[in-house]
Amino acid sequence: MPISNDEILKVSLSLFSQNGYDGTSLQDIADCLNVTKGALFKHYDSKEALWDALIDKVEEYYGEHFGKVKNIPLPDTLEELRKLTLRQVDFTIHDEMVKKVRKLLTIEQFRNERMSTLATKHFSGDIEAIYTDIFEHLMKCGKVKADNSSILALNYTAPITMLIHLADREPDKISETIESIRIFIKDFIKTYGVI
Numbered sequence: 253m254p255i256s257n258d259e260i261l262k263v264s265l266s267l268f269s270q271n272g273y274d275g276t277s278l279q280d281i282a283d284c285l286n287v288t289k290g291a292l293f294k295h296y297d298s299k300e301a302l303w304d305a306l307i308d309k310v311e312e313y314y315g316e317h318f319g320k321v322k323n324i325p326l327p328d329t330l331e332e333l334r335k336l337t338l339r340q341v342d343f344t345i346h347d348e349m350v351k352k353v354r355k356l357l358t359i360e361q362f363r364n365e366r367m368s369t370l371a372t373k374h375f376s377g378d379i380e381a382i383y384t385d386i387f388e389h390l391m392k393c394g395k396v397k398a399d400n401s402s403i404l405a406l407n408y409t410a411p412i413t414m415l416i417h418l419a420d421r422e423p424d425k426i427s428e429t430i431e432s433i434r435i436f437i438k439d440f441i442k443t444y445g446v447i
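Each residue of the sequence shown is one higher than the last, beginning at 253 in my numbering.
If you are wondering where the hints come from, they were derived from the structure by calculation, not from laboratory data.
There may be inaccurate statements among the hints.
[What the hints assert, rightly or not] Pairs of lysine to aspartate or glutamate, EDC-like flavour, derived with a Cα cap of 20 Å:
1) Lys262 with Glu380
2) Lys309 with Asp258
3) Lys289 with Glu300
4) Lys373 with Glu312
5) Lys351 with Asp297
6) Lys294 with Glu332
7) Lys355 with Asp274
8) Lys355 with Glu388
9) Lys335 with Glu380
10) Lys397 with Glu332
11) Lys309 with Glu259
12) Lys289 with Asp274
13) Lys438 with Glu311
14) Lys397 with Asp328
15) Lys438 with Glu332
16) Lys335 with Glu431
17) Lys373 with Asp420
18) Lys294 with Asp304
19) Lys442 with Glu332
20) Lys352 with Asp378
21) Lys352 with Glu311
22) Lys351 with Glu311
23) Lys352 with Asp308
24) Lys352 with Asp439
25) Lys289 with Glu312
26) Lys262 with Asp280
27) Lys309 with Glu348
28) Lys352 with Asp258
29) Lys262 with Asp347
30) Lys442 with Asp274
31) Lys351 with Glu422
[Unchecked claim] Quick list of simulated restraints, FRET-style, between CB atoms:
32) Cys393 with Thr288: 55 to 61 Å
33) Lys373 with Ile255: 28 to 34 Å
34) Glu311 with Ala398: 27 to 33 Å
35) Asp308 with Ser432: 18 to 24 Å
36) Cys393 with Glu259: 44 to 50 Å
37) Gly275 with Lys425: 23 to 29 Å
38) Lys373 with Gly394: 29 to 35 Å
39) His317 with Met414: 20 to 26 Å
40) Gly377 with Leu285: 30 to 36 Å
Every residue gets a Cβ at the ideal spot worked out from N, C-alpha and C, and that includes glycine.
With the sequences and hints as input, model every part of the structure.
In structure tokens, the structure reads:
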């Protein structure tokens, strides 16, 4: 029975996120798919080619579901900021593919240059850029008081990102983590918001 690229990439992500790149062989992937290595070679001519396709797929998925830096809707109110943030947090914490990708990035960021770049991009760069744009807009609308939108974005995103990583390590505390994020957002808006 033929296998699809999507099936191969899904199984590969699961194995890579559990065992890392070096700890996962093409034979492991073929065994999980109940196919031969030859069947995999019909889709990808090497483990590196499969890896590259997986990373491209992850980037595309993340952009479609979380949002790319330049296409996030800018909130006009502090309530819209709160709702947008909580939607993004919910997606980030609960989406199975995103959780596996975050684990994979964490494992591989010190072994693989491309993964290191992606980890920096996803764990800080993109999210800070998104929220810098958001806070710049809210400053222009007179909704937040601050002098520097990028510093404000860092102050906002760093604690939330840290709490999301905590939820990864302690999945039994996801509800508590989300509640901590809600409280943080409320306090942040109270501190920086103009009502």
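For each hint, the structure was consulted:
no.	hint	verdict
1	Lys262 with Glu380	violated, 28 Å
2	Lys309 with Asp258	holds, 9 Å
3	Lys289 with Glu300	holds, 14 Å
4	Lys373 with Glu312	holds, 14 Å
5	Lys351 with Asp297	violated, 27 Å
6	Lys294 with Glu332	violated, 48 Å
7	Lys355 with Asp274	holds, 15 Å
8	Lys355 with Glu388	violated, 31 Å
9	Lys335 with Glu380	holds, 17 Å
10	Lys397 with Glu332	holds, 17 Å
11	Lys309 with Glu259	holds, 12 Å
12	Lys289 with Asp274	holds, 17 Å
13	Lys438 with Glu311	violated, 31 Å
14	Lys397 with Asp328	holds, 14 Å
15	Lys438 with Glu332	holds, 12 Å
16	Lys335 with Glu431	holds, 14 Å
17	Lys373 with Asp420	holds, 18 Å
18	Lys294 with Asp304	holds, 16 Å
19	Lys442 with Glu332	holds, 15 Å
20	Lys352 with Asp378	holds, 18 Å
21	Lys352 with Glu311	holds, 13 Å
22	Lys351 with Glu311	holds, 14 Å
23	Lys352 with Asp308	holds, 15 Å
24	Lys352 with Asp439	violated, 31 Å
25	Lys289 with Glu312	violated, 26 Å
26	Lys262 with Asp280	holds, 13 Å
27	Lys309 with Glu348	holds, 14 Å
28	Lys352 with Asp258	holds, 15 Å
29	Lys262 with Asp347	holds, 14 Å
30	Lys442 with Asp274	violated, 47 Å
31	Lys351 with Glu422	holds, 13 Å
32	Cys393 with Thr288: 55 to 61 Å	holds, 59 Å
33	Lys373 with Ile255: 28 to 34 Å	holds, 30 Å
34	Glu311 with Ala398: 27 to 33 Å	holds, 31 Å
35	Asp308 with Ser432: 18 to 24 Å	violated, 34 Å
36	Cys393 with Glu259: 44 to 50 Å	holds, 46 Å
37	Gly275 with Lys425: 23 to 29 Å	holds, 27 Å
38	Lys373 with Gly394: 29 to 35 Å	holds, 32 Å
39	His317 with Met414: 20 to 26 Å	holds, 22 Å
40	Gly377 with Leu285: 30 to 36 Å	holds, 34 Å
Violated hints, listed in ascending order, are 1, 5, 6, 8, 13, 24, 25, 30, 35; each of the other numbered hints is respected by the structure.
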